[in-house]
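The chain contents come next:
2 protein chains.
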Amino acid sequence: MTKTPPYYAVIFTSKHSNVTDGYNEMTQQMETLAKQQKGFLGITSARDHIGITVSYWERLDDITNWKQQSDHFIAQKKGKSTWYDWYDVKICKVERAYNFNAPETTV
Amino acid sequence: MTKTPPYYAVIFTSKHSNVTDGYNEMTQQMETLAKQQKGFLGITSARDHIGITVSYWERLDDITNWKQQSDHFIAQKKGKSTWYDWYDVKICKVERAYNFNAPETTV
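Residue numbers (my numbering), protein chains in the order written: chain Y, 1249 to 1355; chain A, 1249 to 1355.
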C-alpha cells in the first residue's frame, strides 16, 4: 500500500467468542468481496489474543458503501454476535505515511 | 479506548526478521514509556505472520514528540533493521468510532 495520503482507513479491533464455526470462510469471502469494491486500496490483518484488521479506501463514501454491503453480508451469513465478544471500529483519515525496508542481504 | 473523536492514531505494520533477540524486552519497555507520554490514549497489538500495533494520541504534536523519543530509544537499544524486514507507519486522524459488545450470557 504505497499510495500517497490522504486516503482513509478502517481499524477493526476484535475479541473472538468461543464460537469459530464458519468464521474463516466468512472472512475469506469478505476479503474477496472487499477487493471488488470501488475505492478499495488494501487490507492487512493480524490475530493473537485480539485481532486487528485495517482496510484502506480512497474516500469516506467508499467506506460507507462497504459498511452497508458487509453488514448485509454478515447478517446473511450468521449473526455477528456469534463470533465476537466485542469489536471496535475506527474510521480514520490517513494524513502521513512512511515505510522502511531492510537492505537485501546477498549470500 | 472510548474517547470521542477526533483524536489521532499511529498504525504500525511490520514484518519481523529472523532476529528476535531482545525484541520482547524492547517492546515492553516501549509500551511502558509510551504510557507515560503526554497525550497517550491507548495501544493495541496483534501478531501472526505480520504484526499490527495501533497507538492512539490526543494531538498530532504528541505523536511527533513520541516519534522523536521512541526513535532515540530504539537507536540506543539496537538497530531497528535488526528486528524488521520492513515496517510501515501511517499517521491518521480518527474521525468516527463505534463499538459492539455481545450481551452477557447468564449461566
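Since the hints were derived computationally from the structure, they do not count as laboratory data.
The structure presented is a predicted model; accordingly, all values stated were derived computationally and were not measured.
Hints are not guaranteed to be accurate.
Note that the list lumps identical chains together, so a pair holds whenever it fits in one copy or between two copies.
As the list claims (entries may be wrong) - Capping the alpha-carbon separation at 27 Å, the derived lysine-lysine pairs in DSS-like fashion look like this: (1) LYS1315 <-> LYS1286; (2) LYS1251 <-> LYS1263; (3) LYS1251 <-> LYS1315; (4) LYS1286 <-> LYS1251; (5) LYS1341 <-> LYS1283; (6) LYS1251 <-> LYS1283.
Results of checking the hints against the structure:
{"no.": "1", "hint": "LYS1315 <-> LYS1286", "in the structure": "within (12 Å within a copy, 34 Å between copies)"}
{"no.": "2", "hint": "LYS1251 <-> LYS1263", "in the structure": "between (30 Å within a copy, 19 Å between copies)"}
{"no.": "3", "hint": "LYS1251 <-> LYS1315", "in the structure": "both (22 Å within a copy, 22 Å between copies)"}
{"no.": "4", "hint": "LYS1286 <-> LYS1251", "in the structure": "within (16 Å within a copy, 30 Å between copies)"}
{"no.": "5", "hint": "LYS1341 <-> LYS1283", "in the structure": "both (20 Å within a copy, 24 Å between copies)"}
{"no.": "6", "hint": "LYS1251 <-> LYS1283", "in the structure": "within (16 Å within a copy, 31 Å between copies)"}
Figure legend: structure checked against the earlier numbered hints; every hint is met.
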